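Protein chains in written order, with the working numbering: chain B, 1 to 758; chain X, 1 to 758.
The hints are simulated quantities; they were obtained by calculation from the structure and are not laboratory data.
This structure is a prediction, so every number in the text was calculated from the model and none was measured.
Mixed in with the good hints, there may be bad ones.
Any copy, or any two copies together, can satisfy a pair, since identical chains are not distinguished.
Said to hold, decoys possible - Derived pair list, reagent style SDA-like, types lysine to any residue, alpha-carbon separation capped at 25 Å:
#, residue 1, residue 2
1, Lys300, Pro397
2, Lys266, Ala60
3, Lys266, Gly28
4, Lys300, Tyr392
5, Lys25, Glu203
6, Lys25, Pro194
7, Lys534, Pro591
8, Lys25, Val208
9, Lys154, Pro335
10, Lys3, Ala20
11, Lys263, Val127
12, Lys263, Ala23
13, Lys629, Glu418
14, Lys2, Leu394
15, Lys9, Asp433
16, Lys578, Glu161
17, Lys19, Lys266
There are 2 protein chains.
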Amino acid sequence: MKKYNVVGKSVPRIDAWAKATGAAKYVGDMQRPDMLHAKILHSPLAHAWIRRIDVSRAAALPGVRAVITYMDVPQIPFTTCGHPYPFDTPKDSLILSRHLRYVGDPVAAVAADTQEIALDALELIEVEYEELPAYFTIDAALAEGAVELHEGLKNLAGESEFEIGDVEGAMAQADFIIEDTVETPIVTHSPIEPHVSLVELDEQGRLVCYFSTQVPSIMRERLAYALGMRMGQIRVVKGHVGGGFGGKQEPIFEPINAVLTMKTGKPVRLELTREECLACTRTRHSARIHMRTGLTRDGKMLARIMDIDQNTGAYSSHGHNVVFAIAMAFATLYPTPNLRFHGRSVYTNIPIAGAMRAYGCPQYAFAMESHVEHMARELGIDSLEFRRKNSYHLGDPINFPHVSVSTCGLQDAIDQCEEAIGYQAFLKEPRSDGTSKRGIGTALFSYGQSCYPHSVELSGARVRVNEDATATLYIGCAEIGQGTDTVMLQIAAEASGIPLADINLVAVDTDSCPFDPGAYASRQTYVAGHAVKKAAAACKEQILRYAVNKLSVNYERLDAADGWIIDRDTDQRMVSLKEITMQMYYDCHTPVTICQEESFAPTDNMLTFGVSMAIVKVDTATGKVEVEKLVTAIDSGRIINPQLAMGQLNGGNIMSLGYGLSEQLLIDPKSGRVLNDNLLDYKVPTFADVPPIEGYFIETDEPSSAYGNKSLGEPPNIAPAVAVRNAVLDATGVAINQGPLTPERVYLALKAAKEQEV
Amino acid sequence: MKKYNVVGKSVPRIDAWAKATGAAKYVGDMQRPDMLHAKILHSPLAHAWIRRIDVSRAAALPGVRAVITYMDVPQIPFTTCGHPYPFDTPKDSLILSRHLRYVGDPVAAVAADTQEIALDALELIEVEYEELPAYFTIDAALAEGAVELHEGLKNLAGESEFEIGDVEGAMAQADFIIEDTVETPIVTHSPIEPHVSLVELDEQGRLVCYFSTQVPSIMRERLAYALGMRMGQIRVVKGHVGGGFGGKQEPIFEPINAVLTMKTGKPVRLELTREECLACTRTRHSARIHMRTGLTRDGKMLARIMDIDQNTGAYSSHGHNVVFAIAMAFATLYPTPNLRFHGRSVYTNIPIAGAMRAYGCPQYAFAMESHVEHMARELGIDSLEFRRKNSYHLGDPINFPHVSVSTCGLQDAIDQCEEAIGYQAFLKEPRSDGTSKRGIGTALFSYGQSCYPHSVELSGARVRVNEDATATLYIGCAEIGQGTDTVMLQIAAEASGIPLADINLVAVDTDSCPFDPGAYASRQTYVAGHAVKKAAAACKEQILRYAVNKLSVNYERLDAADGWIIDRDTDQRMVSLKEITMQMYYDCHTPVTICQEESFAPTDNMLTFGVSMAIVKVDTATGKVEVEKLVTAIDSGRIINPQLAMGQLNGGNIMSLGYGLSEQLLIDPKSGRVLNDNLLDYKVPTFADVPPIEGYFIETDEPSSAYGNKSLGEPPNIAPAVAVRNAVLDATGVAINQGPLTPERVYLALKAAKEQEV
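Kindly produce the complete structure, drawing on both the sequences and the hints.
Shown next, in the form of structure tokens:
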């Protein structure tokens, strides 16, 4: 592959110094002298109408500046999920509503001089509720005669199906038909930084919103929509973000904060507690997935059927869009000529499920890779061999519209993992030492590059070169901890020939940055990276074309690198960029500014591929699963910054281990209340829980991307959970089709299996 | 003339609400919790070396955070005058120097927790000076054997001359030769808001500079140069500016503030006192101007000679560039086939003269229009008739490079003034009532549109249209109270078809705004206005071209106005802009951002023309001159915003009355110290001093500009002073060739004239 000067290097994060020293300002760090603090009164009931609400005592409390209810906000129904506009996501949300649909739905909000006063005021709000029937499971919500959460929608936020080929015919010809049903848990994003916002008015009376968000542009558009305002009246500024993972991908309570600011005229800060973050923001859907696959005797998949019902909670949010992503994964990773898919997103009176890292694929993979393991075992074929036989090879047909593959390192990734984890050697090792059993498990994954063509998918980028050949890069895409800002600067430096240290970044302020829908779909390096490359390359061209006359050489002979104009023929430095750019501005007869704004929109969706393998030790006495080693190999195309990429790989893998082993948001089946809304009872892996993880990048050179790159942020979050589940199966012979594999669940499954044997 | 929707209307200033309510934040209003306060120790001597300086006692004072001297700053010689780079303005300045050249030159600076501590610390700095010979007048500085203020420059900051035609030949043929020498005073800008800056470091360690400045881009470039930094490391943000008038057109002590910030790591605020503003910032040059004109018997000018020496003070600043502007005015307003010009800018040990409203033309006009009056009287021709005969008529040749005239309302302006002030009637009125005498006086003026081609002359503008057809306009040109921001929005609204209320403005932050050298030369509406029009029109075109397919009509039939796409054939609204722009962003297959950045650079210099006439009453007992009426008519092309334009006319006229009647910075001829560094002794006109002023715009339609406009900000500041001087001559018969016409000077002149008679 071609070598680059900046791309492919592990340059340090540009925010490293600021974050390490504490100089970095998060939204929570922002202070204003006259700032108010907001608190929200949440519904104690899973489904109710507000019969009467009286805020007069709360409003009279000294230090309280505003109390708002549904009567004080625009009653404009909207969807919080901004990017798929104008697609058919139900407009089922209000900023504050009289109709409460889960324990946590906001009833009222207070802005006061201190947090303490605001909390006291909440207790003075008098509410009479009229309780309504509540449903917490898919089956209850879809049962005949169930009350509708949202009028006219029959408790379905969405339903999709497609069929390719002749599924029934193929099933009839199959030598084997394997069937599985798998259930996945509700989990939460749990970023270290809670949801926090600071909203104030500028001197023109415009709303200035400091948000911890993944989607600044979308937040502005949605806020304007919900508030019935013009977008020009709203400015959204993204602070540093202490993790998003999909949970900060839509407005949640930020519109409430905006209303309080307009009501009081003062800056208002709204920081959710950890309890609110866990119980009242967004979750990853729980899903029940039924699969049926017909195979030939020699283990080739002929036909596959998948039925998925996901519990989307009280409001649609990203709900049914997640099912689209699942459909894509279902259709592509294991090319099968005959496919049928059916998916539903079901409203219930539990917390709202939305976008979460890998957008449905962790659920899908947990089911599918369990199912694949089942098939291999049933047919008596080695699990790796079975996957090699059925998974995608370059040139295989793609059974899904708007997806194409021109690079695929999947088979190399399987080889790499097999080698790195010592698969063949492990197969020969003793597996049991009496109290514990060891096993090895595998899972494959694939993932797209963007939302094309199902949502707005467009990134702008602007590069301005200063008089002295330093430059500024303007992007609308969102650094949320993953390292985008650094990667975008690398691309700008590579494409412009200006040293990275000479390029300053402006991101993200909707007042000064180009449009970009934001950080999701692992889209940014692919989509925004392209726009950055175009803008930077256009600036370089502008400078080189100006230099042609000054240097009396052909344009074709000129290039720029590291701050110099280079002679392509001799690789010699000819003149510094600075000397030329200063002339461009100060040329008294034909001066020109050096600035280019470009946008990019994909016209296809590529696939990233990979595999995770895990070795586990299961304590059969306690059910505790210990991951001894986890190996992941991924074809994310060319890696722009290896160190940052490895951070994504490790982080995604660890998060998936939490999904597979310990995390589950528990809902009280009586009240609908979240039972474990704290990080003691909701168990996110800590560093003490992290096993040895090895990561490998199988670098391909994707021709459709800026520098050969493909998606990277979400894919590592897909497979480890199910690789571990498969390893537990390998160790114990017991197939556990419901996650997470907590000690309790494993213990009970082993016990049940033993009882069945007896 | 064509009618427009927004251009030509007196829309309210966009900052009106914020300024009227006090919401508008000036730099002086900005506070930081850990902010330090800076104070400067100024030289007590007019010319000296620092033999020894000891800051240890000051540095040890509790609360003092930094003390700096010339030893702590880069010793990179630079010119504070940024825009004419790379022309030959002497690089004669340092941030802090060991060589002190006027009373007020900075010796050292302190940053401390409070202003009081900083002032106390100044007193603890021990300095031993070695005094050097000091010169306060042009003649003393140019005398044989005078010590050089700046090595090798012979006390000349610049010298220029040109000759057109055959001056000596023409003089030999002249029927009359009239000669005059006129002297003009030193005056100061005296904006209400003093010079103030707040400099802090951002989390990347970049310098963020909040300046009250007319030239944000130039400040960044000059600061980087003087500090030896890359421009990308510096961000300049302009606050609201409470008046500039040319005095905030270059770095003065801001680089000192930047050094203190880098030294302490904390935000540092530096606000000059009124005394410092008057004595240590910038002034308008005093000048001695000698003129000699040869005329035919019937009053036609054949040849003119002008010799000008201006006292530029201790450093060059804009010094000699002012002489260029004088040369242009000299050559163009009275077309004369034979011209000779010679100008010098002379270094002396007095405060630094720089740019001030109308950049040399008030000095020039005070001389030339006195001289013209002298000629008319000498030849016995009515003053208005004489001016009509000799001044510019459309089609007359232009004796100056890069100047051209395609519109000229000068003769109409003279007619308008003659009518409005009742010239013919006044000539018949009784002039004297015993103790007072009345007279009428006239002065013409002309002015360019920009600095083309003598300086950087380039403006960028960017327009971004949001998803909902609201928009943002980004400009680098500087609102300093004159109303530019409002005018630029009017132009953007007119050219884009988006309502003005839907366009938000981002200005001026060098991190987010396009390049623009700033507010001077009355250039902004002409130069930046053009860039704004181009960018806005390009956005409109982009939208209309997209709409062609949606509406199935030819592009030529479409236009946009007031938020709608209009059918040009029927003037009917077809579809809202919002409907189209939302589709442009959310089109899933070919989405596009709507954003255009354009720049404009003039390729010629047009002329604005006008005339002021004044009626005065002179109290012959006291010398007090009372202006009874002042009328100004100006051809500034088409007026974009009549109310704002009238504000410029009135403000400029009042400022010129101060120049003509009361303002003069007095320098102690012994010490070089400013004697009247306060607004009690330095007499700026107050509202009580303002006479009835009538203003008229003779609207022409300048084809080279965005909407027919020509320069407006400075021209009204040129003529009233000398119109009043000529009126005093008319009233009393006494020609006073030195300004200002204070009661003392008039009284003495009348007395001297009387004694001569006797």
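We went through each hint and held it up to the structure:
Taking the closest pair of Cα atoms, Lys300 and Pro397 come within 25 Å of each other only inside a single copy of the chain (15 Å); across copies the shortest separation is 92 Å, beyond that limit. In the homo-oligomer, the alpha carbons of Lys266 and Ala60 lie at most 25 Å apart inside one protomer (18 Å), although the nearest pairing across protomers, at 42 Å, exceeds that limit. Within a single copy, Lys266 and Gly28 get their C-alpha atoms as close as 17 Å, and across copies as close as 21 Å, so both meet the 25 Å cut-off. Only within a single protomer do Lys300 and Tyr392 lie at most 25 Å apart by alpha-carbon distance; the minimum there is 12 Å, versus 94 Å between protomers.
In the homo-oligomer, the alpha carbons of Lys25 and Glu203 lie at most 25 Å apart both inside one protomer (23 Å) and across protomers (8 Å), since each shortest distance falls under that limit. In this assembly of identical chains, the alpha carbons of Lys25 and Pro194 lie at most 25 Å apart only when taken from the same copy (14 Å versus 32 Å across copies). In this assembly of identical chains, Lys534 and Pro591 lie within 25 Å of each other by CA distance both inside one copy and across copies; the values are 23 Å within and 16 Å between. Proximity of Lys25 to Val208 under the C-alpha cut-off of 25 Å is found in both arrangements, the shortest distances being 16 Å within a copy and 15 Å between copies.
Taking the shortest alpha-carbon separations for Lys154 and Pro335, neither the intra-copy value of 34 Å nor the inter-copy value of 87 Å comes in at or below 25 Å. In the homo-oligomer, the alpha carbons of Lys3 and Ala20 never lie at most 25 Å apart, since the shortest distance is 31 Å inside one protomer and 60 Å across protomers. With identical chains, the CA atoms of Lys263 and Val127 are at most 25 Å apart within one copy only, with a shortest distance of 22 Å there and 58 Å across copies. In this homomeric assembly, Lys263 and Ala23 come within 25 Å of each other (Cα to Cα) only across copies, at 17 Å, whereas the closest approach inside a single copy is 32 Å.
When the C-alpha separation of Lys629 and Glu418 is checked against a cutoff of 25 Å, the pair qualifies only within one copy, where the shortest distance is 12 Å, while the shortest distance between copies is 97 Å. Within a single copy, Lys2 and Leu394 get their C-alpha atoms as close as 22 Å, which meets the 25 Å cut-off; across copies the closest is 65 Å, which misses it. Within a single copy, Lys9 and Asp433 get their C-alpha atoms no closer than 45 Å, and across copies no closer than 90 Å, so neither meets the 25 Å cut-off. With identical chains, the CA atoms of Lys578 and Glu161 are never at most 25 Å apart, being 58 Å at best within one copy and 34 Å at best between copies.
When the C-alpha separation of Lys19 and Lys266 is checked against a cutoff of 25 Å, the pair qualifies only between copies, where the shortest distance is 18 Å, while the shortest distance within a copy is 29 Å.
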